[in-house]
Amino acid sequence: MINKPSPHALQELLPPLTVNEAITESARCIMCFDAPCTHACPTHIDIPKFIKKISTGNLLGSARTILESNLLGATCARVCPVQELCEGACVLGSEHKPIAIGRLQRHAMDNLKGNKIDIFHPANSTGKKVAVVGAGPAGLSCAGELAKLGHSVTLYEKRELGGGLSTYGIIVLREPIEVALTEVAMIQRLGVRIEIGKEIGIDPTVADLQENFHAVFIAIGLGHTRALEIPGEEYVLDGLEYIERSKLEPSQLRVGRNVIVIGAGNTAIDCATLARRLGAERVTMIYRRTEKEMTAYPHEYDFVKREGVTFRFLVQPTKVHHENGGVKALECVRMTLGDPDCSGRPFPKPVPGATMLLRADQIVKAIGQNKTSLISTLNLKTEGGFIHINSDFETSSPGIFAGGDCIRARGSASTVMAVQDGKLAARSIHQRLVNHG
Amino acid sequence: MADLSVNFSGIRSPNPFWLASAPPTNSGAQIHRAFENGWGGAVWKTIGAPVLNVSNRYGAWRYGNEKMLAINNVELISDRPIEVNLREISDVKRAWPDRAVVVSAMVESKPVAWHDVIRRIQDTGADGIELNYGCPHGMSERGMGSAVGQVPEYCEQITRWVMDVAKIPVIVKLTPNISDIVMPARAAVAAGANALSLINTVNSIIGVDLETLEITPSIGGRGGHGGYAGPAVKPIALNMLAALGRDSIVRGSGLPISGMGGISTWRDAAEFLLLGASSLQVCTAVMHYGFRVVEDLCDGLSNWMDEKGFATIPQVVGRSLHHVTDFKDFDLSFKAIARIDQDKCIRCELCYVACNDSAHQCIDLFDKHGIASPPTAYDQSSNGKLEAISTRPTVVVREEDCVGCRLCFNVCPVENCIHMLQVPSGRPSVTWEELTQKQPEVAEDWKQMERYRKKMGIQIH
Numbered sequence: 001m002i003n004k005p006s007p008h009a010l011q012e013l014l015p016p017l018t019v020n021e022a023i024t025e026s027a028r029c030i031m032c033f034d035a036p037c038t039h040a041c042p043t044h045i046d047i048p049k050f051i052k053k054i055s056t057g058n059l060l061g062s063a064r065t066i067l068e069s070n071l072l073g074a075t076c077a078r079v080c081p082v083q084e085l086c087e088g089a090c091v092l093g094s095e096h097k098p099i100a101i102g103r104l105q106r107h108a109m110d111n112l113k114g115n116k117i118d119i120f121h122p123a124n125s126t127g128k129k130v131a132v133v134g135a136g137p138a139g140l141s142c143a144g145e146l147a148k149l150g151h152s153v154t155l156y157e158k159r160e161l162g163g164g165l166s167t168y169g170i171i172v173l174r175e176p177i178e179v180a181l182t183e184v185a186m187i188q189r190l191g192v193r194i195e196i197g198k199e200i201g202i203d204p205t206v207a208d209l210q211e212n213f214h215a216v217f218i219a220i221g222l223g224h225t226r227a228l229e230i231p232g233e234e235y236v237l238d239g240l241e242y243i244e245r246s247k248l249e250p251s252q253l254r255v256g257r258n259v260i261v262i263g264a265g266n267t268a269i270d271c272a273t274l275a276r277r278l279g280a281e282r283v284t285m286i287y288r289r290t291e292k293e294m295t296a297y298p299h300e301y302d303f304v305k306r307e308g309v310t311f312r313f314l315v316q317p318t319k320v321h322h323e324n325g326g327v328k329a330l331e332c333v334r335m336t337l338g339d340p341d342c343s344g345r346p347f348p349k350p351v352p353g354a355t356m357l358l359r360a361d362q363i364v365k366a367i368g369q370n371k372t373s374l375i376s377t378l379n380l381k382t383e384g385g386f387i388h389i390n391s392d393f394e395t396s397s398p399g400i401f402a403g404g405d406c407i408r409a410r411g412s413a414s415t416v417m418a419v420q421d422g423k424l425a426a427r428s429i430h431q432r433l434v435n436h437g
Numbered sequence: 001m002a003d004l005s006v007n008f009s010g011i012r013s014p015n016p017f018w019l020a021s022a023p024p025t026n027s028g029a030q031i032h033r034a035f036e037n038g039w040g041g042a043v044w045k046t047i048g049a050p051v052l053n054v055s056n057r058y059g060a061w062r063y064g065n066e067k068m069l070a071i072n073n074v075e076l077i078s079d080r081p082i083e084v085n086l087r088e089i090s091d092v093k094r095a096w097p098d099r100a101v102v103v104s105a106m107v108e109s110k111p112v113a114w115h116d117v118i119r120r121i122q123d124t125g126a127d128g129i130e131l132n133y134g135c136p137h138g139m140s141e142r143g144m145g146s147a148v149g150q151v152p153e154y155c156e157q158i159t160r161w162v163m164d165v166a167k168i169p170v171i172v173k174l175t176p177n178i179s180d181i182v183m184p185a186r187a188a189v190a191a192g193a194n195a196l197s198l199i200n201t202v203n204s205i206i207g208v209d210l211e212t213l214e215i216t217p218s219i220g221g222r223g224g225h226g227g228y229a230g231p232a233v234k235p236i237a238l239n240m241l242a243a244l245g246r247d248s249i250v251r252g253s254g255l256p257i258s259g260m261g262g263i264s265t266w267r268d269a270a271e272f273l274l275l276g277a278s279s280l281q282v283c284t285a286v287m288h289y290g291f292r293v294v295e296d297l298c299d300g301l302s303n304w305m306d307e308k309g310f311a312t313i314p315q316v317v318g319r320s321l322h323h324v325t326d327f328k329d330f331d332l333s334f335k336a337i338a339r340i341d342q343d344k345c346i347r348c349e350l351c352y353v354a355c356n357d358s359a360h361q362c363i364d365l366f367d368k369h370g371i372a373s374p375p376t377a378y379d380q381s382s383n384g385k386l387e388a389i390s391t392r393p394t395v396v397v398r399e400e401d402c403v404g405c406r407l408c409f410n411v412c413p414v415e416n417c418i419h420m421l422q423v424p425s426g427r428p429s430v431t432w433e434e435l436t437q438k439q440p441e442v443a444e445d446w447k448q449m450e451r452y453r454k455k456m457g458i459q460i461h
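Residue numbers (this note's numbering), protein chains in the order written: chain A, 1 to 437; chain B, 1 to 461.
Wrong hints could be hidden among the right ones.
Stated by the list, open to error - Below, in silico cross-link-like pairs of lysine-lysine (DSBU-like), each with a Cα-Cα straight-line distance of 35 angstroms or less:
| hint | chain 1 | residue 1 | chain 2 | residue 2 |
| --- | --- | --- | --- | --- |
| 1 | B | Lys-67 | A | Lys-49 |
| 2 | A | Lys-49 | B | Lys-368 |
| 3 | B | Lys-368 | B | Lys-344 |
| 4 | A | Lys-158 | A | Lys-371 |
| 5 | A | Lys-292 | B | Lys-344 |
| 6 | B | Lys-368 | A | Lys-52 |
| 7 | B | Lys-344 | A | Lys-97 |
| 8 | A | Lys-113 | B | Lys-67 |
| 9 | B | Lys-344 | A | Lys-49 |
| 10 | A | Lys-52 | B | Lys-328 |
| 11 | A | Lys-52 | B | Lys-344 |
| 12 | A | Lys-349 | A | Lys-292 |
| 13 | A | Lys-116 | B | Lys-67 |
| 14 | A | Lys-97 | B | Lys-447 |
| 15 | A | Lys-292 | B | Lys-67 |
| 16 | A | Lys-97 | B | Lys-67 |
| 17 | A | Lys-305 | A | Lys-113 |
Quick caveat, the hints were computed from the structure, so don't treat them as lab data.
Same shape as in the complex, but just chain A (with noise of 0.2 angstroms):
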């Protein structure tokens, strides 16, 4: 029905650098001191350290450094956005190109990998116990920096996979599955107990964990993909899990001939994406305001244009047509740019009587996700439906800490903002055991 894809169609969209590459770009760093990519880094790595390592042939403690301050450094090597990050901050790219910072953090990463050693190891026990909820980046890190300084922590975690989203929500042109369940393994190395299928609220609930732990790191994430709230909604698929089955089953995965992906932010990108390598003949993502305001990155938006993704702006679905159980086209109207809504952005109106009707066989949406509703049974203070903190991560009920995208409620949320408030969560956690124990 659609054009075969390539066998490598979902290759790893960056080769590996080689050795001879990651020397002689690790040797171009002129080693800044107190350096702006270190600052621009959410987990503050120290990268004129890691990468010099590089460059004397140091792997080991290449990687060392990195996972120091980020013990996820495999999954951000590959996911961070690093144009608006550490390689946005180089101060080599006014005049020149920026250090390729993310791709010689991933050399440094697979090599120890393929060296399978463990860096870390964990202190002598605390007594102190632990649970993490959530075994996605803030999770693993928080749990990870705990064990690593002797409390014994469990993760509970209601998927089948820990990782979150590095596991069933980036595809595989970004990040394989095999770097977050490394990743997961190397935690569990640590001497973290991972328990899944574990649902916060029902086994085990919030009293449980105050009952049997000294203390709890709640990072639950987000919840499902936003409503459209238009008829026919049931035949739109959900980004979240589109991009799931390509990872987890790709051969049950069906990719229409002509797609249309409902919004504009970096996983909307990733699903047209998918859809193109898979063999979609079109695919088109619409928005209901403009370029200006598509949350995507710029580097994303111009990726994706380049895949032969292209896009209608202004455009918002009301109905979707659909004939024995299949789609045949998305019903719009066009939209106008209003005053700005709470967010700062132009608040999009509809334009009255412009509708148009775009022919589709397969609808994806990918317009954000809800709040988690878990998050309203935890009796929890709130802050615009996510759980509230305090400058040490702790939650208004004491001894119960956060983060990750469930605390988010200001600035994008990202894999490395979620490694870096598990990593600060733990410190404090680990300030509290230690001192109030």
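Please arrange chain B on chain A, whose structure you already have, making use of the hints.
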């Protein structure tokens, strides 16, 4: 357009660039090709005593992205039969009458051996002879090469034997593996040599293999010292060249000097000319990139000469020698300070850390409000390129404390970003020599020195 031709002690060539006696001049076929590429001359790879070579004879020092900052070798003189070399020399000279064909020689330290090789070289029609007193490896163990060059008396004796029979110009090539380069040069002058050349390779071990713990390169598990050449040795060569130019006996003799040692670009070439070389020899740059490098050597040198108003090579030769002096003749009242061009600064802070850790702690960091800002002053929750760039401190020299050491200037990765600005010191001009002649106590007693400093307003940081 500048005239690049040279007349080096009667040896003429259309440009000053000669291939040095080394692997690129191993055969007639190579030199034919070199001349086709535009080389002005070639010094034939040393002929003389019979030898055998080994594999893994070249080692290289890689530094950063520079693959061959220097090369080290244990290759001996030509391992091809002397008759073959002599025949090819004759063929090359016949084919290229306008190019300089010089033949390097090294034989046992016996008059008859030297007389014989000199006569045979002259029979080829070659333009000149270079006496190899320099190779620091292999041949020196047999009493040749640097074993001669390191002993001025041997140097003089052998040169005399050569001059007894020489009918074409004789160049004595000096080894840098000696405490004072002037001594063997004076010996050559005394023996009546027609010209000098320097430097031969510097004795060296290139490294140790951290895997096998063997010397690099490993010759079947063994290794040893070899001759070091390439860009890294250029400063050593320039110093020795200037030392000859400043010696009254060598300079007074009027012998021309063929300069070599790390010449890779026309800029290097111009520097050698300015310090007194009147022909130039190149090896490592050719071993790295091939004969084609001569094109930019000539083109760049010619353009620079035009820009500077030099019409001929002799107008350039030695033009910078009068700037070379000893420390005792430097003006102690000269004062310079570093100034950073904030528009060009990329805020890498390499000058800051260099000054702070290794110099005089006189570069400060300021935030955008002009308030002193210590390193890593940002909040741990701060991130992203905009915050990192917008909060990057400004790097400013505290000029009243700057001693003008020039370390920051040297580490700055941006062209013309840090300037060493000459400023009036308010002190009368005086050299150390002048000062200590008038006030010898200053050099003998720290208290007197302190008194002098106070009087002159000199602060030590």
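Right, here's what the structure says about each hint:
| no. | hint | verdict |
| --- | --- | --- |
| 1 | Lys-67/B - Lys-49/A | 23 angstroms, holds |
| 2 | Lys-49/A - Lys-368/B | 27 angstroms, holds |
| 3 | Lys-368/B - Lys-344/B | 17 angstroms, holds |
| 4 | Lys-158/A - Lys-371/A | 17 angstroms, holds |
| 5 | Lys-292/A - Lys-344/B | 32 angstroms, holds |
| 6 | Lys-368/B - Lys-52/A | 30 angstroms, holds |
| 7 | Lys-344/B - Lys-97/A | 17 angstroms, holds |
| 8 | Lys-113/A - Lys-67/B | 29 angstroms, holds |
| 9 | Lys-344/B - Lys-49/A | 25 angstroms, holds |
| 10 | Lys-52/A - Lys-328/B | 41 angstroms, violated |
| 11 | Lys-52/A - Lys-344/B | 25 angstroms, holds |
| 12 | Lys-349/A - Lys-292/A | 16 angstroms, holds |
| 13 | Lys-116/A - Lys-67/B | 32 angstroms, holds |
| 14 | Lys-97/A - Lys-447/B | 55 angstroms, violated |
| 15 | Lys-292/A - Lys-67/B | 46 angstroms, violated |
| 16 | Lys-97/A - Lys-67/B | 21 angstroms, holds |
| 17 | Lys-305/A - Lys-113/A | 34 angstroms, holds |
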